[in-house]
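> In order, the protein sequences belong to chains A and B. For the first sequence, my numbering assigns the number 1 to the initial residue and increments by one for each residue that follows. For the second sequence, my numbering assigns the number 1 to the initial residue and increments by one for each residue that follows.
Treat the hints with care, since some could be wrong.
Simulated restraints, written as ranges between beta carbons of each label pair [what the hints assert, rightly or not]:
| no. | chain 1 | residue 1 | chain 2 | residue 2 | range |
| --- | --- | --- | --- | --- | --- |
| 1 | B | P49 | A | G77 | 35 to 43 Å |
| 2 | A | A154 | B | Q25 | 53 to 61 Å |
| 3 | B | S128 | A | R21 | 46 to 54 Å |
| 4 | A | A249 | B | P49 | 17 to 25 Å |
Source of the hints: derived by calculation from the structure; they are not laboratory data. Backbone N, C-alpha and C define an ideal beta-carbon position, used for all residues, glycine too.
Number of protein chains: 2
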Amino acid sequence: MTGYAGISPVFHGGDLGLASRTFPQACLPWVDLSTGINPVSYPIPRLAPAVWARLPDADALDALEKTAASAYRAAAGTQVVTGPGSQALIQRIPWLLPPGRVAVVGPTYGGHAPAWTAAGHSVTVVSSLAQCRDAAVVVVTNPNNPDGRSLSAATLAEAEARLGPQGLLVIDEAFADVMPDISFADRLAEHPHALILRSFGKFFGLAGVRLGFALTADAALAARLRDQLGAWPVSGAAIAIGQAALADADWQAAMRLELAAACGRLDDWLARAGLAVIGGTPLFRFVADDAAERWYRRLGKRGIIVRCFPEEPRHLRFGLPGPEPEWERLAAALDSCA
Amino acid sequence: MTGYAGISPVFHGGDLGLASRTFPQACLPWVDLSTGINPVSYPIPRLAPAVWARLPDADALDALEKTAASAYRAAAGTQVVTGPGSQALIQRIPWLLPPGRVAVVGPTYGGHAPAWTAAGHSVTVVSSLAQCRDAAVVVVTNPNNPDGRSLSAATLAEAEARLGPQGLLVIDEAFADVMPDISFADRLAEHPHALILRSFGKFFGLAGVRLGFALTADAALAARLRDQLGAWPVSGAAIAIGQAALADADWQAAMRLELAAACGRLDDWLARAGLAVIGGTPLFRFVADDAAERWYRRLGKRGIIVRCFPEEPRHLRFGLPGPEPEWERLAAALDSCA
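Chain A on its own, in the form it takes in the complex:
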C-alpha cells in the first residue's frame, strides 16, 4: 500500500485507539512518539482530600495565576486567565470578538482555524506574517508546531502594531517552555492587542491534567474570557499540581537541559537512519523524507507511532521516547527499516 490510504484523518497525536485500529498487529506496548508531550512527567504532589471534594478555591486559583505570571516572566500588569487546557482557550477566544477576517500563519497546530470558523469568522491560512495585512485577527504559533519555525519579538511587535483598533494577535506559545527566551510575555504591557496562550501539559508531561493559560494586558478582554470560562474553569487537582510545578524553577531548569540532551540523541539516531531533521523544538523533531509514508507504516508495525501529515506526505514529527526501553525499541526499528 502506498500513501496514507487506510489511515483515518489524524487531527491530533496521542490517540492510541486510532493507532491500534491502524496497526492491529503492532508489537505492544506502544511507543507513542506522536505528540510533543514531554515523556518525563513532573511528579504529582500529594493531593489533599479537599482538592477532590470541594469546589475549586477562588483564592487558590488566584495564587496559581500569580505563579504562572512569574514562571512565564509576564510583564507587570499582565492578566493571566486559567482554562482547562490551551485547546479549550483556543475554542473560547473566537467568541469574544465580532466575526471578521482571521489569518492563521500555517501550516500549524490544527486546532486554530476550525475554532475561528466555528465562531463565524472568515479564516485564511497564510504562510507568513507578511500576508496578514488585511486581517483583524492574526494567529501565530511560536515556536511553530510542527516545523519549529520561530519569530522574533521585534517581528511580533511589528505585527501587533499593524493591527486595527479591534485587532488581536494570538501567539500560541504551547512549546515556548523549552525555549523561554522566545516568549513575548515580557512585552505584553506595551502590546495590548496581543494575547499569548501557554500550555501546561506539554513541558510538564501532564497532558491529562487539562490546564492552560491566556496572558494579555487587555483587562477587558481577559475579563470577558474569564466570564466565558465560568467560576470553576479547572479542577482542584489542576490548581494544586499547576501551582507546585510552575513554582518549581529548579525542576524546570534541569528539565530544559535534559530535553536538550534527549533531543540531541534523537537527532543523531535519525541522522544515522538517513532521516533529515529540518526543524522542531526540544520536544519534537520535524523530519522530511521522500519515503515518509513507508517509514510511518514500518515504525507503526513495530509499535512505534509517530505523527504523520496526510496533507503533507513527505513530513513526519517525532516526539521524544521516555524510558530507556523505548529508546532501544526506536533504535532497533530505525536500524531495521533504514
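Once you've looked at the hints, dock chain B against the given chain A.
Just chain B, lined up with the frame of chain A:
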C-alpha cells in the same frame, strides 16, 4: 447590623475566602453548609500515572459516557456529552441556538439566566412552566435548587410538546441523583427537544473533579455541543474517577439511604431550633424564618456558613454537616442561638 449590609453578593456557595472576609473572627475550621455537595465523598480510586501524563483517552471517555447513560437510566438512543462540570455545560449550550426568547423557571440556580444572556438571548425569569408559552427555550431545575420543588415527568413532557420546532427544554437535574425516580432521562427518546444536565460532583461529594453530563436524543445538538467542548473536554482523572463512581451501584444505593437519614437528623435539629424547613432535597434543606439574616450572622460567627439569599432575605439553605464534630458544632450553635 440588620439585613445583609456588608456581605458581598453571594453567587455560589462554597467560597470560604468570602466567608473569612465576612466573618474574620469566626471559630475555625469552617463548617461549610453553604453548598448542596455531599460531605461524604466517593473514595478516590488509585489513578494510573498515564491518567496524568497522557492526553485523556477517547475510548475511555466513550466508556464513561456509556456508564453514565446506564447510571442515569437514560433511554436507548440517548446521546451523552461529557463536560468539565455542569456549570461549564450551562455556559456552552446557549451558544448552540440562535438568539431568542428564554424562560427560566425561578428562583433557581443562579448560573442559568446569565449564561443565556451572555450568548445574546432575551431571558425572563418566570415562576412556573405555565408562564413559558412564548419562549423558544425553557429552563427548569428538577428538583429545584434551593427550594426542592419538583415537577412530574408528565408536566415536563407537556412543556416539551408545546415547544416550537427550534425549541429546547433544558432540565437541570443537578440534584436528581438523590431522587432518581424524578429523572426525565428514561423519556428522552420520545422528547427530542429536551436536554438534561447532570452534575457529578454533588452526589459523589467530588466537586473539585469538575465533571458533568448533558443528555439528549437530539444527535445533531449533541454533536454541536461536543464540538464546542473540544477533543479533551475533561481531565484524565475525571474520566477515571467518574467511571469508577458511576459504575458503583452499591455505593450509590447505600449513599441514598445514608443521606436520607442525615437529612432527617438535620430536620429534627432545625425544628428544635424553631426553624421551619419548607423544602429541599436530601442534600440540602430550605428554611424560611423572619430572623434568617440574624441566624446567618450568628452561625457565621460560630464558623458555620450557610447559604443566604440577599434578594430573598427570609430564606436560608442548609447543606449537610460531614463528620460528627461538625454535627456537634451545628447542634451547639443552633442551641445557643435559638
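> If a hint holds in the structure, say so; if it doesn't, say that too.
Now for the hints, and whether the structure bears them out:
1. P49/B <-> G77/A: 35 to 43 Å: holds, 38 Å
2. A154/A <-> Q25/B: 53 to 61 Å: Holds - the Cβ-Cβ distance for A154/A and Q25/B, about 55 Å, lies within 53 to 61 Å.
3. S128/B <-> R21/A: 46 to 54 Å: holds, 51 Å
4. A249/A <-> P49/B: 17 to 25 Å: Distance hint for A249/A, P49/B holds at roughly 24 Å.
The structure fails none of the hints (numbered hints given earlier).
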